[in-house]
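Participant: Residue numbers (this note's numbering), protein chains in the order written: chain A, 824 to 921; chain B, 3 to 604; chain C, 7 to 321; chain D, 134 to 296.
Because the hints were derived from the structure by calculation, they are not lab data. All of these numbers come straight from a predicted model, not from anything done at the bench. For glycine and all other residues, C-beta sits at the position ideal for the given N, C-alpha and C. Every clue listed holds true.
Beta-carbon label-pair distances, calculated as ranges:
1. C:V275 <-> D:P267: 41 to 47 Å
2. C:L17 <-> D:N258: 26 to 32 Å
3. C:A103 <-> D:K219: 51 to 57 Å
4. C:A279 <-> D:L233: 56 to 62 Å
5. C:M86 <-> D:D225: 34 to 40 Å
6. D:V277 <-> C:V312: 17 to 23 Å
7. C:Y83 <-> D:A221: 22 to 28 Å
8. D:L233 <-> C:R291: 50 to 56 Å
9. D:L279 <-> C:M86: 30 to 36 Å
10. C:K78 <-> D:V277: 45 to 51 Å
11. D:T222 <-> C:R289: 40 to 46 Å
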Amino acid sequence: MIVAIGCAAAFSLGVYAVLTRRDVIAILAGAELMLGAANVQLVAFALSRGGDGAVVSSFALIVLVIAAAEAAVGMALVVTAYRRTRRTLVDEFGEVSG
Amino acid sequence: MMPLWFVLVAPIAVALVIAAAGRGPVRYTRWLALVGPVAAAWAGAERLADAGRETGVAAEAVSWFVTQTGSIDVGASADPIASIMLVVVGVVASMVVVFSFGYMAEDASQPRYFALLSAFTAAMTGLVLSTSLVGLFIAWELVGACSYLLIGFWFTKPSAARAAVKAFLVTRVGDVGLLFALALLWRETGTLVTADVLAAVPTLAPATITTAALLLFVGAAGKSAQFPLHVWLPDAMEGPTPVSALIHAATMVAAGVFLLARTWPLFEASETARLVVLIIGTVTALGAATIAVPQTDIKRVLAYSTISQLGFMFAALGAGAWVAAFFHLVTHAAFKSLLFLASGSVIHGSGTQDLREMGGLGRAMPVTAATWAVGVAALAGLPPLAGFFSKDAVLDAVWVHAPVAGAALFIASALTAFYSFRATRLAFSGTFRGAGHPHESPLVMKVPLVVLAVLAATLGAGSWWFAELLGGHAGLAIPIAVASTIIAGLSAVAGWALYKTGPAADDRLAGALGGLWRAAAGAYGIDALVMRGAAASERGAATASERFDTRLVDGLVRGIAWLARRVGREFNELQSGESQLYAALVGAGAVLLASLALWLGR
Amino acid sequence: MTFLWGLLWGLAAVMFIAGGAVIGVWWERKVAARIQMRLGPQQLGPAGVLQMIADVPKLLFKEDIVPDNADKPIFRYAPMAVFAPIAMSVAVIPFWAGWAPLDSTVGMVFYLAFPSIGVLGILLSAWSSHNTLATIGGMRAAAQMVSYEVPRSLAVLSVIVLAGSLQPTEVMDAWQWWWIPLTFVGFVVYFIASIAEMNRGPFDLPEAESELVAGYFSDYSGFRWAIFMMGEYGALISASLFGAAVFLGGYRWLPGVAGLAVFLVLAMVLITAVMWIKWTFPRLRQDQLMTFCWTVLTPLAIVQLVVAGVVALWL
Amino acid sequence: MSANDLALAVTVTVMVAGAAGTVLTSDVPRLVISLGTFLLGVAAAFLVMGSPLLAVSQVFVYVGGVLVLVLFALMMVRRSGDEKPKVATRHDLGAAVIALGVFVLLAAVLGPVAADPTPVVTAPNEVGAILLGPSLVAFELVGVLLLAALLAVLVIVKGGEDS
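Can you build the whole structure from these sequences, using the hints too?
Facilitator: Next comes the structure, spelled out in structure tokens:
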């Protein structure tokens with residue numbers, strides 16, 4: 824119960840960050856919040872349902888690695904975009920939308 | 003035994019080969035066009051030789067598609083009727099093809115021409131052989147399509163293009179009737195295999211039978227140019243003359259008769275339908291015969307003659323004598339295709355279609371003149387030529403059945419003899435009135451004429467065999483035969499004698515007959531009437547559908563477009579390129595949907 | 007309970023490191039003085055030991071300057087974040103047969119993972135100084151440390167593969183003398199990468215006095231500066247201990263207390279070697295630093311890992 | 134409340150506090166510290182739930198990797214003069230409602246069904262056995278994904294330099 828509600832709270836805080844931050848990097852930070860919360864919830868739920876610890880851990884590990892890869896690519900995009908446009912606010916990427 | 007599939011497939015393949023080979027090798031590939039007709043004639047003859055032992059055997063039948071209420075089968079079989087038709091189609095078509103070698107020799111579009119002829123042969127044999135009404139309908143439409151393409155063969159001529167369209171549209175009216183008939187029969191019997199449908203006739207309500215029969219007759223009337231759907235046939239003469247011989251004299255127009263013969267049990271079960279067929283047939287026979295008299299175009303004379311003779315056949319059908327009608331079909335195919343080919347030869351040799359510009363051709367083209375004479379005599383019903391026997395059978399049947407109609411047909415046959423000999427005298431006697439030097443046609447054109455002339459002269463002898471094969475009554479009704487011979491002979495003499503003076507006789511006759519002559523010359527204005535009526539109804543329908551289209555359909559479309567634009571403009575605001583707004587919408591949507599799912603799934 | 011023990015050992019480690027750092031400074035000075043003929047650490051007291059006693063009060067009593075423009079709370083506590091992870095990492099080093107302060111089942115990864123938190127501390131302190139030179143230094147440090155973590159981890163991985171365990175004590179149990187020649191390349195990679203990790207020369211670009219005026223800690227003074235120094239020496243000690251243990255066999259050479267002594271001597275040798283290198287080699291350029299990491303050390307570490315893997319398979 | 138529950142409650146509280154800080158602060162270092170707090174909370178939660186490997190990996194990958202990356206990127210693009218750089222935010226009621234909706238939904242759905250876990254201590258070799266056994270394909274795919282990400286980053290950054 825505590826874990827579920829806590830993770831839900833952290834997750835929705837991440838949602839809020841993604842929705843309100845203007846800064847792409849901060850938006851990525853919000854996404855990290857959601858990923859982390861979801862991962863904890865995943866492990867907690869699996870264990871409370873009698874899941875095999877090793878399987879759960881391996882699964883969560885894979886999630887973790889993929890999320891890290893996503894963050895790396897995201898950062899690369901941000902830095903490149905910044906180099907080209909000197910901007911990192913989502914509002915300012917208007918021209919990207921065409 | 004020639005397999006039926008070969009008869010069907012070979013002409014199609016040949017058509018493709020000829021069309022694909024193109025103009026260069028057409029001198030050789032055009033001979034391939036003979037494959038289909040010869041195969042058809044061969045197959046039909048073989049089966050006729052076996053007649054009585056193998057009848058109505060489905061050679062190949064497959065379920066085309068299966069529905070909940072039944073399956074639609076298509077197949078091919080050759081019963082005696084079909085076999086006879088195969089022979090007729092095959093012989094006439096092969097003669098026409100050979101004739102065309104000469105007639106079309108100068109034409110640049112020969113590959114198209116011979117490919118179409120071959121395709122037509124395939125369609126016609128398909129129509130004849132089909133075991134189901136669906137297959138028949140498909141072939142029926144293919145025949146119509148080939149006819150359209152051949153009438154409009156010289157499509158650069160506006161009149162030819164118009165005639166093709168007219169023929170296509172008018173016969174389409176009949177085809178709708180046929181389609182309705184098929185729908186009705188499908189609903190009532192659950193099958194469209196011809197034999198099954200006919201076997202189910204006794205179980206049907208009389209009204210249903212009458213309706214189905216009349217609808218079938220509408221289809222047949224369209225294809226066979228019966229009043230008032232005959233208007234396309236005279237115009238169809240815009241096509242090459244051999245095509246007229248093949249399609250518009252011998253085979254396609256006979257398809258209506260064939261259809262009624264094929265579905266005869268339906269008509270046998272319906273007195274009303276037969277009466278309608280009799281009336282229409284008689285009116286057509288008499289009317290077309292009168293129209294044929296004042297025509298000055300040799301092909302139009304033959305065209306109205308064809309309509310008239312088809313009216314004879316339908317009158318016989320209406321009188322219940324389908325065997326007589328079918329026999330007349332066969333003999334008519336022989337002598338009318340002969341006449342058309344001979345007229346083709348005349349046109350080829352004299353360079354004109356106008357009777358008033360001919361004359362004296364008998365000396366210039368003796369073979370043509372001799373064969374034409376045989377054909378004319380057969381058409382007029384002079385003994386002992388083929389036409390005599392078949393027309394006698396028709397007159398006998400109709401006279402016995404309905405004397406009024408019989409009398410009308412006697413008049414019609416008198417007129418037939420009259421206009422036949424009028425045309426003969428105008429064309430072949432006297433001196434040449436046109437320009438240039440008429441000359442005899444080459445050998446390839448003369449051979450078919452001779453063959454067909456022999457057939458036209460001798461087919462009458464087949465009368466007994468024919469009756470035996472199809473189960474009609476044999477023999478000659480002597481009083482009728484004598485009467486009709488006398489009438490035809492007198493009329494023929496009258497026509498011959500009256501036109502001693504050439505075209506001037508027309509003026510005298512016109513003066514004597516007054517308005518009647520002019521009316522007949524103008525085909526009683528039926529053409530204009532029909533076309534105007536059709537045009538009016540068409541325009542009404544067009545206007546209605548145009549209104550429907552602009553108001554409702556376009557309105558709907560425009561309304562949707564307006565709505566889409568409006569909605570788009572409203573939502574334009576949303577698509578600002580702000581990814582976070584999208585994310586917010588996705589989030590809101592997810593929450594809404596999930597809560598909805600939770601609320602509903604409770 | 008694990009937590010409490012961890013906490014306790016962490017505290018002990020802090021003391022250990024702090025003490026070690028002070029000694030290390032003295033020792034370095036001795037080494038440096040020996041090499042560069044400096045006189046202070048040689049002559050102040052017996053063998054110059056009083057130098058370190060003079061150093062400590064000097065640092066503690068210096069004025070604690072916090073720049074006006076700095077983000078003060080972070081400026082104040084960021085150094086702790088540099089030092090603490092290094093102190094924590096000492097907890098998993100196996101000192102004795104079957105004993106480490108925190109004998110975690112994932113100790114090897116723990117050791118590699120926690121110092122990377124220190125990078126965060128460096129970046130934060132650099133950022134909070136609000137000083138261009140500090141920021142550049144911090145970013146250099148971060149780039150350097152994050153990069154050199156890769157070959158370092160790969161090098162350690164070869165030992166992990168050979169031992170088949172992530173638990174330091176088990177690794178030590180499994181250790182064989184012939185691992186030294188087998189993992190020699192890995193050890194060298196580990197050693198060099200560790201020097202880069204602790205931002206010591208010749209990899210001390212982030213604090214290059216001549217360019218960046220001491221880099222990320224240029225605004226620090228007094229004991230906060232001392233914490234950075236402790237962090238640096240702590241990293242030096244920790245890395246030397248860990249390398250001495252898992253690569254060189256640590257206490258396995260001799261039984262009992264003698265083993266521990268051997269272990270510490272080995273670590274001392276490594277520490278001295280690091281100092282020797284610092285005072286001998288010139289500083290690298292930034293691009294040379296990165297190129298060296300990614301084109302020399304990382305491939306070498308991977309080759310080492312493959313060799314170790316093949317041998318582990320063959321065992 | 135058992136010690137385990139207490140430990141869970143503490144870690145979760147740390148997580149939520151870190152998350153809240155990440156969302157609310159507009160100051161770059163504090164944002165990073167908050168995010169670090171959250172990530173360490175996650176690692177602690179993994180540890181409490183009996184998976185030290187996950188905890189250490191979390192620290193290794195996120196705190197030492199991703200977080201440094203975030204801070205690095207922030208420093209790189211927010212290095213503006215004297216003025217204190219802020220992380221721009223547009224607090225918004227609609228977003229708050231949506232986030233609240235997500236929270237209510239998740240809590241309402243997961244709260245009743247997800248009891249707090251009793252820790253299952255997992256040895257790293259077991260995880261390794263799973264990863265290299267039944268989940269080998271997934272493991273290899275992750276490897277491929279990481280390689281792809283590496284290449285993608287290289288391409289992206291190089292592409293930025295070229296033009």
